[in-house]
Amino acid sequence: MIYLQTIFMAILQGITEFLPVSSSGHLAFLNQIFARVGWGALEEPVMLEILLHLASLLAILCYYWQPVLRMLKGKDWNLVKLLFFGTIPVGIVGILAKVFFEEEFDAILQSVQVTGAMMLVTAGLLILAQKLSRQDPKMMHEKKRRRNLKTLSPLRAFGIGCVQALAVLPGLSRSGSTITAGLQAGLTRQQAGSFSFLLAIPAIGAAGAVEVLKLLKNGVPPSVGVLPLSISFVVCFVVSLCSLALLVKILRTRCIGWFAVYLIPVGILMLVL
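Quick note on numbering: the working numbering labels position 4 of the sequence shown as 4, and the sequence is numbered without any gaps.
Hint data in this document are derived by calculation from the structure and do not stem from the laboratory.
The following label-pair restraints were derived from C-beta to C-beta distances: (1) I2 - N78: 39 to 47 Å; (2) I95 - R252: 33 to 41 Å; (3) N148 - C62: 19 to 27 Å; (4) I95 - S230: 25 to 33 Å; (5) N148 - L128: 14 to 22 Å; (6) M1 - N78: 46 to 54 Å.
We put the beta carbon where it would ideally sit given N, CA and C, even for glycine.
Using the sequences provided together with the hints, build the complete structure.
This is the structure in C-alpha coordinates:
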(Lines of atoms letter the chains of each structure in order from A and count residues from 1; the text may use other names and numbers.)
(Lines give C-alpha, C1' and ligand atoms only; values in the text may rest on other atoms or scores of the structure.)
Protein backbone atom coordinates (compact mmCIF):
# COMPACT_ATOMS: atom_id res chain seq x y z
CA MET A 1 0.00 0.00 0.00
CA ILE A 2 2.88 2.36 0.69
CA TYR A 3 3.86 2.18 -2.98
CA LEU A 4 0.40 3.28 -4.10
CA GLN A 5 0.30 6.08 -1.54
CA THR A 6 3.68 7.54 -2.49
CA ILE A 7 2.99 7.22 -6.24
CA PHE A 8 -0.40 8.94 -5.87
CA MET A 9 1.27 11.75 -3.94
CA ALA A 10 4.04 11.98 -6.56
CA ILE A 11 1.53 12.33 -9.39
CA LEU A 12 -0.48 14.90 -7.46
CA GLN A 13 2.67 16.89 -6.58
CA GLY A 14 3.81 16.86 -10.19
CA ILE A 15 0.47 18.15 -11.45
CA THR A 16 -0.14 20.79 -8.80
CA GLU A 17 3.38 22.18 -8.19
CA PHE A 18 3.31 24.40 -11.27
CA LEU A 19 -0.38 24.69 -11.98
CA PRO A 20 -1.61 27.48 -9.66
CA VAL A 21 -3.68 25.27 -7.35
CA SER A 22 -1.21 24.67 -4.44
CA SER A 23 0.68 21.40 -4.28
CA SER A 24 1.15 21.43 -0.48
CA GLY A 25 -2.57 21.93 0.05
CA HIS A 26 -3.49 18.99 -2.17
CA LEU A 27 -0.86 16.74 -0.59
CA ALA A 28 -2.13 17.48 2.92
CA PHE A 29 -5.69 16.77 1.81
CA LEU A 30 -4.69 13.51 0.08
CA ASN A 31 -2.93 12.32 3.23
CA GLN A 32 -6.13 12.96 5.17
CA ILE A 33 -8.04 10.93 2.59
CA PHE A 34 -5.61 8.04 3.09
CA ALA A 35 -6.47 8.05 6.79
CA ARG A 36 -10.23 8.23 6.18
CA VAL A 37 -10.39 5.36 3.68
CA GLY A 38 -8.45 3.07 5.99
CA TRP A 39 -5.08 3.13 4.22
CA GLY A 40 -3.47 5.01 7.07
CA ALA A 41 -1.92 8.48 6.84
CA LEU A 42 1.79 8.65 6.08
CA GLU A 43 3.76 9.22 9.28
CA GLU A 44 6.30 11.56 7.68
CA PRO A 45 4.37 13.48 5.01
CA VAL A 46 6.53 16.60 5.34
CA MET A 47 9.71 14.66 4.55
CA LEU A 48 8.06 12.99 1.54
CA GLU A 49 6.73 16.33 0.30
CA ILE A 50 10.22 17.84 0.41
CA LEU A 51 11.62 14.98 -1.67
CA LEU A 52 8.82 15.41 -4.18
CA HIS A 53 9.54 19.14 -4.30
CA LEU A 54 13.15 18.26 -5.13
CA ALA A 55 11.85 16.23 -8.07
CA SER A 56 9.91 19.30 -9.21
CA LEU A 57 13.06 21.38 -8.75
CA LEU A 58 14.93 19.03 -11.07
CA ALA A 59 12.16 19.52 -13.63
CA ILE A 60 12.66 23.32 -13.46
CA LEU A 61 16.42 22.94 -13.93
CA CYS A 62 15.88 20.73 -16.98
CA TYR A 63 13.25 22.99 -18.53
CA TYR A 64 15.13 26.25 -17.90
CA TRP A 65 18.62 24.85 -18.42
CA GLN A 66 19.63 27.70 -20.74
CA PRO A 67 19.07 30.65 -18.34
CA VAL A 68 20.44 28.54 -15.48
CA LEU A 69 23.58 27.80 -17.49
CA ARG A 70 23.99 31.50 -18.34
CA MET A 71 23.80 32.39 -14.67
CA LEU A 72 26.33 29.68 -13.74
CA LYS A 73 28.70 31.02 -16.39
CA GLY A 74 28.32 34.54 -15.02
CA LYS A 75 26.66 35.88 -18.17
CA ASP A 76 23.45 37.09 -16.51
CA TRP A 77 24.33 38.75 -13.23
CA ASN A 78 21.20 40.89 -13.37
CA LEU A 79 18.98 37.81 -13.13
CA VAL A 80 21.18 36.42 -10.34
CA LYS A 81 20.71 39.71 -8.47
CA LEU A 82 16.92 39.61 -8.92
CA LEU A 83 16.74 36.01 -7.68
CA PHE A 84 18.93 36.90 -4.70
CA PHE A 85 16.66 39.75 -3.58
CA GLY A 86 13.57 37.67 -4.34
CA THR A 87 14.82 34.80 -2.15
CA ILE A 88 15.61 36.88 0.96
CA PRO A 89 12.00 36.90 2.32
CA VAL A 90 11.43 33.15 2.05
CA GLY A 91 14.82 32.55 3.69
CA ILE A 92 13.86 34.72 6.65
CA VAL A 93 10.46 33.04 7.00
CA GLY A 94 12.00 29.58 6.69
CA ILE A 95 14.56 30.24 9.41
CA LEU A 96 11.95 31.70 11.78
CA ALA A 97 9.59 28.77 11.15
CA LYS A 98 12.26 26.13 11.73
CA VAL A 99 14.05 27.72 14.66
CA PHE A 100 11.19 29.20 16.70
CA PHE A 101 7.91 27.71 15.50
CA GLU A 102 8.75 24.28 14.06
CA GLU A 103 5.99 22.31 15.84
CA GLU A 104 3.34 24.96 15.19
CA PHE A 105 4.47 25.26 11.56
CA ASP A 106 4.26 21.49 10.96
CA ALA A 107 0.74 21.49 12.43
CA ILE A 108 -0.30 24.29 10.07
CA LEU A 109 1.11 22.38 7.09
CA GLN A 110 -1.23 19.47 7.84
CA SER A 111 -4.34 21.56 8.62
CA VAL A 112 -7.12 20.98 6.10
CA GLN A 113 -8.97 24.04 7.43
CA VAL A 114 -6.02 26.35 6.79
CA THR A 115 -5.59 24.74 3.38
CA GLY A 116 -9.20 25.42 2.42
CA ALA A 117 -9.05 29.04 3.51
CA MET A 118 -5.79 29.66 1.64
CA MET A 119 -7.19 28.05 -1.50
CA LEU A 120 -9.92 30.67 -1.49
CA VAL A 121 -7.23 33.35 -1.11
CA THR A 122 -5.38 31.82 -4.08
CA ALA A 123 -8.59 31.94 -6.10
CA GLY A 124 -8.85 35.66 -5.37
CA LEU A 125 -5.25 36.20 -6.47
CA LEU A 126 -5.87 34.34 -9.74
CA ILE A 127 -8.92 36.48 -10.46
CA LEU A 128 -6.72 39.54 -9.84
CA ALA A 129 -4.12 38.07 -12.21
CA GLN A 130 -6.78 37.67 -14.87
CA LYS A 131 -7.75 41.32 -14.48
CA LEU A 132 -4.14 42.49 -14.64
CA SER A 133 -3.38 40.47 -17.76
CA ARG A 134 -6.36 42.00 -19.56
CA GLN A 135 -5.26 45.59 -18.98
CA ASP A 136 -4.77 47.53 -22.18
CA PRO A 137 -1.03 48.27 -22.47
CA LYS A 138 -1.87 51.70 -23.91
CA MET A 139 -3.71 52.57 -20.70
CA MET A 140 -0.79 51.53 -18.47
CA HIS A 141 2.05 53.72 -17.31
CA GLU A 142 4.79 53.84 -19.95
CA LYS A 143 7.55 52.64 -17.62
CA LYS A 144 5.44 49.84 -16.23
CA ARG A 145 4.43 48.71 -19.71
CA ARG A 146 8.06 48.34 -20.78
CA ARG A 147 9.23 46.47 -17.66
CA ASN A 148 10.81 43.03 -18.13
CA LEU A 149 13.37 40.88 -16.33
CA LYS A 150 16.16 43.14 -17.58
CA THR A 151 14.57 46.32 -16.24
CA LEU A 152 12.84 44.88 -13.13
CA SER A 153 14.27 46.54 -10.02
CA PRO A 154 15.67 44.56 -7.05
CA LEU A 155 13.02 46.19 -4.86
CA ARG A 156 10.21 44.82 -7.01
CA ALA A 157 11.92 41.42 -7.05
CA PHE A 158 12.01 41.60 -3.24
CA GLY A 159 8.27 42.34 -3.26
CA ILE A 160 7.58 39.28 -5.40
CA GLY A 161 9.75 37.32 -2.98
CA CYS A 162 7.62 38.50 -0.04
CA VAL A 163 4.58 37.05 -1.78
CA GLN A 164 6.47 33.79 -2.30
CA ALA A 165 7.31 33.70 1.40
CA LEU A 166 3.59 33.80 2.26
CA ALA A 167 3.10 30.78 0.01
CA VAL A 168 4.65 28.53 2.66
CA LEU A 169 1.08 28.32 3.95
CA PRO A 170 -0.69 25.22 2.58
CA GLY A 171 -3.30 26.07 -0.01
CA LEU A 172 -1.65 29.34 -1.05
CA SER A 173 -0.20 28.56 -4.47
CA ARG A 174 3.42 29.63 -4.87
CA SER A 175 3.23 29.84 -8.65
CA GLY A 176 -0.17 31.53 -8.65
CA SER A 177 0.79 34.16 -6.08
CA THR A 178 4.19 34.99 -7.58
CA ILE A 179 2.84 35.16 -11.14
CA THR A 180 0.15 37.55 -9.91
CA ALA A 181 2.82 39.65 -8.14
CA GLY A 182 4.88 39.64 -11.33
CA LEU A 183 1.93 40.89 -13.36
CA GLN A 184 1.34 43.61 -10.76
CA ALA A 185 4.99 44.62 -11.16
CA GLY A 186 4.42 45.12 -14.89
CA LEU A 187 5.82 41.88 -16.29
CA THR A 188 4.10 40.03 -19.12
CA ARG A 189 2.49 36.66 -18.44
CA GLN A 190 5.47 34.81 -19.90
CA GLN A 191 8.03 36.92 -18.01
CA ALA A 192 6.08 36.61 -14.76
CA GLY A 193 5.88 32.84 -15.22
CA SER A 194 9.59 32.49 -15.99
CA PHE A 195 10.60 34.58 -12.96
CA SER A 196 8.20 32.61 -10.75
CA PHE A 197 9.70 29.27 -11.75
CA LEU A 198 13.31 30.48 -11.58
CA LEU A 199 12.59 32.00 -8.16
CA ALA A 200 11.55 28.54 -6.97
CA ILE A 201 15.06 27.15 -7.58
CA PRO A 202 16.83 28.67 -4.55
CA ALA A 203 13.73 28.40 -2.35
CA ILE A 204 13.05 24.72 -3.01
CA GLY A 205 16.76 23.91 -3.16
CA ALA A 206 17.50 25.38 0.26
CA ALA A 207 14.48 23.74 1.91
CA GLY A 208 15.30 20.44 0.25
CA ALA A 209 18.93 20.56 1.37
CA VAL A 210 17.86 21.02 4.99
CA GLU A 211 15.49 18.07 4.83
CA VAL A 212 18.00 15.82 3.03
CA LEU A 213 20.58 16.53 5.75
CA LYS A 214 17.95 15.70 8.36
CA LEU A 215 17.11 12.50 6.48
CA LEU A 216 20.76 11.43 6.33
CA LYS A 217 21.14 12.14 10.02
CA ASN A 218 18.00 10.35 11.25
CA GLY A 219 17.59 7.70 8.56
CA VAL A 220 14.53 6.85 6.49
CA PRO A 221 11.39 6.49 8.65
CA PRO A 222 10.18 2.88 9.02
CA SER A 223 6.89 3.69 7.25
CA VAL A 224 8.58 4.78 4.02
CA GLY A 225 11.40 2.77 2.46
CA VAL A 226 14.08 3.85 0.03
CA LEU A 227 12.52 2.09 -2.98
CA PRO A 228 9.05 3.73 -2.66
CA LEU A 229 10.72 7.12 -2.24
CA SER A 230 12.92 6.53 -5.30
CA ILE A 231 10.00 5.47 -7.47
CA SER A 232 7.88 8.42 -6.35
CA PHE A 233 10.79 10.80 -7.09
CA VAL A 234 11.07 9.59 -10.70
CA VAL A 235 7.29 9.67 -11.22
CA CYS A 236 7.06 13.19 -9.78
CA PHE A 237 9.91 14.43 -12.00
CA VAL A 238 8.24 13.21 -15.20
CA VAL A 239 4.82 14.56 -14.27
CA SER A 240 6.31 17.88 -13.07
CA LEU A 241 8.12 18.37 -16.37
CA CYS A 242 4.88 17.84 -18.30
CA SER A 243 2.95 20.13 -15.94
CA LEU A 244 5.55 22.91 -16.25
CA ALA A 245 5.49 22.72 -20.05
CA LEU A 246 1.69 22.87 -19.97
CA LEU A 247 1.54 26.00 -17.82
CA VAL A 248 4.18 27.77 -19.93
CA LYS A 249 2.06 26.99 -22.99
CA ILE A 250 -1.07 28.30 -21.23
CA LEU A 251 0.67 31.57 -20.30
CA ARG A 252 1.52 32.24 -23.95
CA THR A 253 -2.14 32.54 -24.95
CA ARG A 254 -4.19 33.15 -21.81
CA CYS A 255 -3.99 33.88 -18.11
CA ILE A 256 -4.44 31.61 -15.09
CA GLY A 257 -7.61 33.15 -13.68
CA TRP A 258 -9.83 30.29 -14.80
CA PHE A 259 -8.11 27.98 -12.27
CA ALA A 260 -10.15 29.87 -9.64
CA VAL A 261 -13.21 27.99 -10.92
CA TYR A 262 -11.60 24.85 -9.53
CA LEU A 263 -10.13 26.33 -6.34
CA ILE A 264 -13.29 27.96 -4.99
CA PRO A 265 -15.43 24.80 -4.65
CA VAL A 266 -12.45 22.72 -3.46
CA GLY A 267 -11.54 25.34 -0.85
CA ILE A 268 -15.14 25.48 0.40
CA LEU A 269 -15.27 21.67 0.46
CA MET A 270 -12.18 21.50 2.67
CA LEU A 271 -13.65 24.05 5.06
CA VAL A 272 -17.00 22.36 5.53
CA LEU A 273 -15.96 18.69 5.71
